[in-house]
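Colleague: Join these two chains into a complex; the hints should help.
These protein sequence lines map, in sequence, to chains F and A.
Using our numbering, you'd call the opening residue of the first sequence number 8 and step up by one each time.
Using our numbering, you'd call the opening residue of the second sequence number 86 and step up by one each time.
One should not assume that every hint holds.
Pulled a few chain F residues facing chain A out of the computed Cβ check, cut under 10 Å [said to hold, decoys possible]: (1) THR134; (2) ARG160; (3) ILE172; (4) SER208; (5) SER209; (6) SER211; (7) MET234; (8) ASP236; (9) ASP305; (10) SER306; (11) LYS343.
The set of hints was computed from the structure by calculation and includes no laboratory data.
Since the model is a prediction, treat every value here as computed from it, not as a measurement.
Built from N, CA and C at the ideal position, the CB exists for glycine as well.
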Amino acid sequence: MKEKLEQILKEAQKEIEACNDVKRLDEIRVKFLGKQGELTSILRNMKEVPPEERKTVGMLANGVREKLEEALSKKGEKLEEEALLKAMESEKIDITMPSKGVKRGALHPLTRFNNKFMDICVEMGFTVIQGPEIDTDYYNFEALNVPKNHPARDMQDSLYITDNILLRTQTSNMQVHAMEELKPPFKIVCPGRVYRNDDDSSHSPIFNQFEALVVDENVGLKDLMKMIDVILKKLFGENVKMRVRPAYFPFTEPSIEIDATCQMCQGKGCSLCKGTGFSEVFGAGVVNPKVLEMSGIDSKKYSGFAFGPGIDRSVMVTNKIPNIKYLFRNDMRFLKQLR
Amino acid sequence: MKISYNWLKDFVDINISPEELAEKLTVSGFEVEEVIYQNEHLHDVYVGKITKIEKHKDADKLQVCTVDVGDKTVQIITSATNVFEGALVPVSLEGADLCNGVKIKPTNFRGVKSDGMFCSGEELGIDENYIEGGGVNGILILPDDMKIGAKIEDALLLNDVVFDVNVTPNRPDCNSVIGIAREVSAIYDLPMKDVDYSYETCGDDVNKYISVEVKTQKCPRYMASYVKDLNLTRSPLWLRSRLFACGIKPINKIVDITNYVLVEQGQPMHAFEYNHLAGKKIIVRDAKKGEKIAVLNGNTYELDENDMVIADSEKPVVIAGVIGGVNSCVEPSTKETVFECAVFDLKSVRLTSRKIGVSTDSSMRYSKGVYVDTPINALKRALHLVCQLNAGKIVDGIIDKCSAKTSKVRSFKASMSKIDKILGVKIERNRVLQILNSLGIKATLSGDSLQVEPPYYREDIECENDIAEELIRIYGYDVYNNLEGEAFENSSVTVGAYEPRLVFENNLKNELVDFGFYETLNYSLYSSTACEKLLINDERKNVIKIANPISEELSTVRTVMAHALLLDIKFNLSVGNKDLRFFEVGRVYQPKALPLTELPVENNRLSIAVCEDGYDFFMLKNVVENLLVTTSLKYKLERSTEPYLHSGVSADIIAEDGKKVGYFGKIHPKVLKNYDISHDVYYAELDTDYLSNLKEKAYSVKEVSKFAEVERDIAVVVDEEITNGELTSAIKSACGKLFAGAELFDVYRNASLGENKKSLAYKIHLLNEEKTMTAEEINAVINKVLKSLEFRYKAKLRA
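If we strip away everything but chain A, and leave its shape as in the complex, we get (with noise of 0.2 Å):
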């Protein structure tokens, strides 16, 4: 939102420099980004007047020119042909930067002296709407009464300053410059200034040319009048600084005087060609399904019954509060005008805004809110600048439709005391009275009860709450900076905690940091096909679509975790990186239903890749393993049914309850090649909200032997099918009571053993609790184990 320092000096004088009027209104809430000074590129430029043109003697297409500015006489070189003796016109001198980056210098044209240069309305940052002769192609020839030698910020009036200030949706009424000017009165507890509402009309009456009908519910208020004699040549140079500087273009005197009243009351106005209004009617009302207006954007819309528009006795001639009809627009022939004045309700004009994709200086306001007392105001004020600009001539009598409660007096009784406890500091009492009158909000206190009257643009102003921002805002945040005390000296000890999942996970990306991964964080949102290049095709196939997506990349909310950092992967092998290992800690979405119905199921999961020379599945399986072993989690390991992983090199955890609680393996050389990876990757996952809800691991530790183990190694040869569990369980069965451990140190496949036949070494540990073992007890021992592997898996010791 542009605000002008002059415009507030309307409304209020103040004495204060930009700058400070910048930060005050910032740290009382109206954040100014950024301030604007008009003049940043006009210094060193006057108004000049051409005494004497020459050729120059060496360059037919210069004319060497004699220039008065004012103290001095200088000589410029021009090869613009479109300046004259006694011409007035912008001279640039030594020192000027002008804003197209032109830096101006003494030159030397073929032997002759410049001063400076004569500038084009382009180089002063302006154009043909603000100033005729502001876009010709050739230097700005200025009105004759201008001053020479005058600064040309001040005869071209662009010696503003703007603020653009960021007004927050919950003061609407400061969308305008009597709204900040308000906030600025009450910050420095100055008057406002009284701006001139009157005006003076011709007669006759207003209901003898138009009548208005008002036929939805979403149009409060409707205020109109009619001006005839319309003179629509250019407003005079002060009203157009003031659109200008606001960003808006000046056009003839009657639209700006609706663009004037915009900016300066927040209230959006329309002038109608009189004479294109059919009926001589002005109806509201809801438009029909298929209804199709072209507006002043050059495009047609069509429309349906949720949008309003304004219309005559025949056609819909406006988009209510959001756009203009071209066939009413007033126009360089218009002679009569009818100005709407009129309060719609906002979220009507939001959704017709946003659905037809079209925002306005009026649709901003109409969405933000609009006041009905506003009209009356803003009318007259339009009116008075009618008079002003001897724009036309006014018919007597307003034509006002007005279905709400106008002046409705809003108060009720806050708490001092509550206030006080809000605040945490006590503001005197005085102070408190004069911070709200000067914000506009009667208030008497008696007590501790507080009488509050807040004016009708306040209606965010409800309880105790806001009165305390009101009131720190304005006293200044500043006061906390030097107060004693502690936070909660007066309120409850609370123990802090994490939730159990947290540090659950928390333990586990520290580990996997100390195994030598990295962490990543990937987008919880991803491409449609993700499911179909990891070969899924269970329920995660069903995920959830964004109504309205940023693109097909991040077109729906993952139900699988692998996705993305196989893209990880994929770039990193791309850009050169090697030795992958990453880990992610993240969720999965599975909807219970599709549509959805309901919130879908958020599963946290642990998800782990590696992409490295010489990595293999027993070295992830020892990740994971040692992941597990803290937890008391007791599983088995079953082939793994996941579709993206090898189906012979990898497993799924199951949980005793049956439940899979994760996963590990290689991923498939199917899905490898959908990734465009052509290395192998191991991947892993844990479901951590499972894993973080299994009661603590318990400990219960037996007392230590007194004896030593002893250790006996065998090889065996069995077929490939026979697999280490099943001959470590057979050892451990045969064992008994003195089974301490049995480790598999080595597999050994040569022709020599047969064929699909390997040996496996095994280093077996025995313990007898209550005695030394004597080597005829261990070697019985291992006799019943040979045997036991022969009887079941056909193992043959291996000589």
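So that you can see chain F by itself, here it is in the shape it has in the complex (with noise of 0.2 Å):
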């Protein structure tokens, strides 16, 4: 009896050895273990065992049965798991073909530059906000301490609706319309569009800028250059440089111009910075007290500082535009270059 089982035993071994796939592994166990199966018929016939032995080869042949169904079993997972992978690589794709579904879009560069510009103005306490662009001659000039026939109106080509009324040639007019709607302290930015009766291959008739302007006890000339390091690290990395000259806007007394690091070239020198490696970014100054008086601010209590620059221009050496034209052509072959 005992050499019986471990012929069964081994028997039903090989055969599971043997056995690749998942139904043979069915009639295995069947032919072993089934109600009709070798071992079952060994265990039915157990009163034929003598009493003495009976207790030995029960053992033995719950030994057996025990073996043969853990062998059934891993046999079972292994064929299971081979038999997946098979299906799985007949299942195989060509990974390298098109997605499905919409494509994104675009911003246009100049909203990626003003998002990022206006996030760094937030963090830094300033308040954006926007206004008109149609505005009266106040706003645009008188406010900003330009009379007319000012020499300095001549360094902008206005665009006139009426004699008093004009499309704005800068943001400048938001600092008069801050200052008479808000009370100091306060920062605000004010983004937007700028015309110009100027249109040739360097210049656009409309353009972006925006205009920044504090107003507050004791801020200064040091304030100002200090944020504006912050702001250009931030805006084109730490290893910016910005270098400072005097400069004339009739609102701001003393007024400066920025130049940082070109970023067509990195400084190396080029075309778009005629080979100086920087580029002016932007305009600046303390407020002049006229300016402050003229809109109702105190000017011996308040002092203020106020930046603002043309973006087109750095919005295109971000991104490496070659033609300032191109960002009111709206080409798709333009647009899609920058998703």
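Modeller: In structure tokens form, the structure reads like this:
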């Protein structure tokens, strides 16, 4: 009996070993462990075993059964795993085929730059507001210390609607609106369109600026310089270099122009920066006390500073756009490159 | 503004390279846009003397010249016919790189070597005005007194360096050599040298020859002097060289002197032909309406009362401050002249110059400002030059009609601590005083109080801010590079934020990008025909016109967004781009009345345009719905009244208050034709001002039911006119409390349904919050729905 059991075990193990499909494995199970199975028959015939051996044979038979069950289940798992792998292999696809569904579009590079810049300003405590693009001569010029016939008007060719109403030539009109409407201390930044009577290969009649204005007690040039240093680093990276030149704007005194490492050539010198390695990014200055007073702010108590650049050029250099006219052309061949 | 390096040296002893000076001027407020080296193309060109001329043995037209160039003798072959033995000529030798692009190297002409080339005036960049013979079509024959072997740039005084300086409008005093020299003197703390203002007269009395009458408020000072026995030959080379460097054409001694003084002192002058001044009178007056004058640029201008003229007793002879008349200018035959040295009102000159479109060196300076104190020195300097150049005899006396106060002393007190505050950096007090004094600003300090007296030519200095600027630009902005601390250390903390509309618009933009749209940027100016092309016949037709437009295409301010996007689509299709999904966030500008008496309403809008195969109304509707779903807007759709949309395939979005806050649909076929677009275009627009002003959407979430929804499909046949909206709301009301949604999932049309019929299939969702519904209950509801649809819309259940 013992030999027979061992023989069954051996035979079954051999068959399990050789089996390589799930169906056959089930047949093996039935053959040995099924109701009519070989092992089952032995167990069923236990009464034929002499009583003194029954215990030993019983244990032996159960041991064989356990071993067989384990071997069957192991093999079963293995075969299932193999079958799955095979099935997946047959489902293999070409992963280089195009994706499905809507392809993302793109924001205009100007919006992207503006958002980045405005986020920096908001973080520094500025409120972003917008105002009228069609404005009176007073807000665009006079209240900014540019009376009629002032030579500074030559710096900007205006597009007029009536003698007194024009398309703003600068976002600086927002300085005046802000000073009239807000109580110091405040920090505002106003992005928007400006208009000039100027249309050639390097100028658009419409372009984008923003104007930032801080009015508070105890602010001056140092705050301006330190702040711009931070802004430039956040915009163009830690390695950006800054250069300051005195300048003239009627509404600020002192006035400066700020150049930063040319982002087109990273300071190596190119046609855009005329080989200097620097390009102009901001005009800035301490608010002229006359301007504060005209808008009803006590210049003895409060001071302020303002800065405002044209941003189209920065958009150009940061995106390496070869021609400023691309910005308004809306050619998909241009826009698609900016996804 | 062109400034000569050599000329500056008349006023300041500078021992600084032109590059360094240019850099310094730039960082102290006078941006040097270009540094021009006059001798850039003159190296390896020398004064040579032709010692022998022989015929070339194999070429009739060539001559072989032996030329002494000082340290050696060279052989030059020339075809020029104006050379002769003994002539001094410019000789370019190997290495020369002439201004017309010719590079010189030794050449063989039929077996005979030529070491270089003789030069014409043109090849040296000069002309007949600069030197006699400079304009001939041949070789420039140099004056006999030039040194053989000298560099041509030295011999012809073409060795200057010219700075193109950008002088800002607040510094009219620096539209002159003397002004820039004062700056250089301050930057380097070098003393200003005196130039010679002395002159000799021949006695007699100016008043015997000329009288001046000023009849206008717009001429605060008019000075005149009289010079006779004129010698109107060429000015000496040094003077021509100065003018030439600054881009001014040398003419004759008298005209050159007026130009010299203009450039050096910043004071425009004029010289009259005395004998053409009728009545020996100069009258400064406002022009008469319709008065005409022919001037030196060849044109005749008609003036009016706003212009100012210099007249004699009969006629206008000069448009004051702008340009001289042909009837009184100095001519080669002129023997006597009157010099004018005057101050005219900035605004008047400016307006006249703009109106007639004439800008001269004079008008440029007058429109920026000339000081009442300037003419005296300027006139003296001119008379000094008359003596120096032996240009004529000066009659005693100067006429000076001055209605303004001269030598005005203006002084004020400034607070030093306020200046420190403006700068945020404290400059040592000794340095403060030194900088101000070097700028000609008298300054004394007692305690915090700085007593300041600016010179007459610094009217721009009025308060602490102005002084702060003067200090820091000379002290140097570099000081901030190494300064400790941060921004806003001594000021308030403010909290940053975005205007709500900007946040809203940015969200829309990002959503649209996710939907595959590209953001465009268009001009907000367009052609006056835009509304016509869009079939618009409402108030948007009232566009604001630009008074001085750049072109017709940019002549009006937009009242509609669609025009630009349709042009974008047209353009993109024309270059072969396909699948166009565009959006733009921008403004339209609607006047309240025309012509504008008050500012227009500026309305911010989002516009969307799609031109893509397979796109349809419902895809666009989906985009619009998704954009609106996060707002609190409650709206209904109505058939659109937009004239440029297809009347059957478009909808207006109407808010609860009745306001139309947007619309979307297919572009009207006629409009497509007007824009020459042959594909369907879908277009949508939203009023972002209105939408961003809505209160934030409030959410109130109900408990989720324990019971599952059940679904039943029905299909009904109805007349074409019946809308989905009608059927859906009927289904909803029939279901009552059990209604949990109804989706249209199929529309079917077939002749078998009958004429003008369609079949609509709905999936109806039902939910009983209290219990699981039985089949009987569900069937009862569906039967109620079908009855209701039949009753209201004659809907038949589709078999």
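Colleague: Holds or violated: F:THR134 as interface residue toward chain A, Cβ cutoff 10 Å?
Modeller: Interface hint status for F:THR134: holds (5 Å vs cutoff 10 Å).
Colleague: Per the CB criterion, is F:SER211 less than 10 Å away from chain A?
Modeller: 8 Å, holds
Colleague: Are F:ARG160 and chain A close enough, Cβ to Cβ, to be under 10 Å, as the hint says?
Modeller: At 9 Å from the nearest chain A Cβ, F:ARG160 passes the 10 Å test, so the hint holds.
Colleague: Holds or violated: F:SER208 as interface residue toward chain A, Cβ cutoff 10 Å?
Modeller: Hint on F:SER208: violated, closest Cβ of chain A at ~14 Å, above 10 Å.
Colleague: Hold the hint about F:ILE172 up to the distance rule: shortest CB distance to chain A must be less than 10 Å.
Modeller: Cβ of F:ILE172 sits 5 Å from chain A, so the hint holds.
Colleague: Does F:ASP236 meet its interface restraint, that is, does its C-beta lie within less than 10 Å of any C-beta in chain A?
Modeller: 8 Å, holds
Colleague: Would the stated hint for F:SER209 survive a check requiring a Cβ distance to chain A of less than 10 Å?
Modeller: Result: violated, 15 Å to nearest chain A Cβ.
Colleague: Would the stated hint for F:SER306 survive a check requiring a Cβ distance to chain A of less than 10 Å?
Modeller: 9 Å, holds
Colleague: Holds or violated: is the Cβ of F:MET234 closer than 10 Å to a Cβ in chain A?
Modeller: 4 Å, holds
Colleague: Let me know if the C-beta of F:LYS343 comes in closer than 10 Å to any C-beta of chain A, holds or violated.
Modeller: OK, holds: F:LYS343 within 10 Å of chain A, min 7 Å.
Colleague: Against chain A, is F:ASP305 within 10 Å by beta-carbon distance?
Modeller: 13 Å, violated
The structure fails hints 4, 5 and 9 (numbered hints given earlier, in ascending order).
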